[in-house]
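Protein chains: 2
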Amino acid sequence: MKPQLNIITLGVTSLQRSLQFYSDGLGWRPSSASQGDIVFFKLGTVVLALYPREKLAEDARVSPFGQGFSGFTLAYNTTSKEEVDEILKLAESVGATIAKQAENVFWGGYSGYFTDPDGYLWEVAWNPFFELSEDGSLVLPSPESL
Amino acid sequence: MKPQLNIITLGVTSLQRSLQFYSDGLGWRPSSASQGDIVFFKLGTVVLALYPREKLAEDARVSPFGQGFSGFTLAYNTTSKEEVDEILKLAESVGATIAKQAENVFWGGYSGYFTDPDGYLWEVAWNPFFELSEDGSLVLPSPESL
Numbered sequence: 001m002k003p004q005l006n007i008i009t010l011g012v013t014s015l016q017r018s019l020q021f022y023s024d025g026l027g028w029r030p031s032s033a034s035q036g037d038i039v040f041f042k043l044g045t046v047v048l049a050l051y052p053r054e055k056l057a058e059d060a061r062v063s064p065f066g067q068g069f070s071g072f073t074l075a076y077n078t079t080s081k082e083e084v085d086e087i088l089k090l091a092e093s094v095g096a097t098i099a100k101q102a103e104n105v106f107w108g109g110y111s112g113y114f115t116d117p118d119g120y121l122w123e124v125a126w127n128p129f130f131e132l133s134e135d136g137s138l139v140l141p142s143p144e145s146l
Numbered sequence: 001m002k003p004q005l006n007i008i009t010l011g012v013t014s015l016q017r018s019l020q021f022y023s024d025g026l027g028w029r030p031s032s033a034s035q036g037d038i039v040f041f042k043l044g045t046v047v048l049a050l051y052p053r054e055k056l057a058e059d060a061r062v063s064p065f066g067q068g069f070s071g072f073t074l075a076y077n078t079t080s081k082e083e084v085d086e087i088l089k090l091a092e093s094v095g096a097t098i099a100k101q102a103e104n105v106f107w108g109g110y111s112g113y114f115t116d117p118d119g120y121l122w123e124v125a126w127n128p129f130f131e132l133s134e135d136g137s138l139v140l141p142s143p144e145s146l
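In order, the protein sequences belong to chains G and P. Position 17, counted from 1, in the first sequence is what the numbering used here calls 17; the numbers after and before it change by one each time, with no gaps. Position 101, counted from 1, in the second sequence is what the numbering used here calls 101; the numbers after and before it change by one each time, with no gaps.
Looking at chain G on its own, in the form it has when it is part of the complex (with noise of 0.2 Å):
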C-alpha cells in the first residue's frame, strides 16, 4: 500500500454553516468538483471535504452518534511565530473558538488551537525544525527505521 492519502473529509452539522466558515471566512475556495452536498477544497496536494455528519457516518456504515473528543487535529504550519498569532486571530474573527492562545511548547515550536463551527481542532504551529517547501508543504526527513 502506497504511502497516499488523498481525501480528509469532515462530517459536518450543517453544511452551510461549515462553508461559510472555511470559504468566507478562512478565504478557502471550494472546486468546482464540489456539488451536492460535497464540498471540496485544494490544500496543496491533500483535499479537505466537508459532507454532512449522518450522511458521513451512512455511507461508512457506522452509527453517526458520538460526542466529545474526535481524536484528531489538523496542523497548518507557519514560517513564523507572528504568522501564528495572525491566523490564529483570522480565525477568531470569523467565528472560530480558540482552544489554547498560542504558547511557546515543550518541543522548542509555538502554537495555539483553534476549532472550526463542529468542534474539529486545528493547530497553528511555528515549528523551527520543519523546513517548509514553497508549495506550503512540510519538508520531513526521508523514512528510516526506528
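The reader is advised that the hints may include incorrect statements.
All copies of an identical chain are treated as equivalent in the list; a pair is satisfied when it fits inside any one copy or across any two copies.
To be verified - The list that follows gives simulated cross-link-like pairs (lysine-lysine, DSS-like), each with its CA atoms no further than 25 Å apart:
(1) K2 to K100
(2) K100 to K81
(3) K100 to K89
(4) K2 to K81
(5) K2 to K55
Don't read these hints as lab results, they were simulated from the structure.
Once you've looked at the hints, dock chain P against the given chain G.
Chain P in isolation, oriented as in the chain G frame:
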C-alpha cells in the same frame, strides 16, 4: 490564510499497536523525524502523525473524553476497482476491521471502508471522475464560485 494542510494527527490509545498496524501492516515507513512518542509518516506532501490520545487532547487543552463516531474519514484513492479490493484485503489481513465491504456507490465509484486499531475510518475508493496524478495525488478542478 493559504489553502494549506500540513499534518493530520491521530490520537491513539496504544502507539505501539498503531505503529505495528501502519508500519509493519500497511508497510508505511516512519520518517526519521519521529521521536519520543510521536510518529510521522510522509503520505505524499501531507504528513500523518500518530500521538497518544491523552497527550493530544492535553496539547489542545481539551478533555480527552470522547466516544462513538469520530466524525471524519480519511480516503485513499485507487486507479481501479481491483485495487480497492486488494487494499481492503491487505488491511484486513493485518488486523483492520472492514466497516463496509467495497461496493458500487451512488456517485458512480466503488468504495469500501476499514478501521484502524482506534476505529478511525479509512475509505478506499475508486473514483472514475477523479484523475490521480503520477505522485498519487488527486487532480481536482480549480476553485470557482459555487
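Consistency of the hints with the structure:
1. K2 to K100: Classified as between: cross-chain Cα gap 21 Å, same-chain 35 Å, threshold 25 Å.
2. K100 to K81: within (15 Å within a copy, 43 Å between copies)
3. K100 to K89: Intra 12 Å, inter 41 Å, cutoff 25 Å: intra-copy only.
4. K2 to K81: Between. Shortest inter-copy distance 16 Å satisfies the 25 Å Cα cut-off; intra-copy 34 Å does not.
5. K2 to K55: neither (28 Å within a copy, 29 Å between copies)
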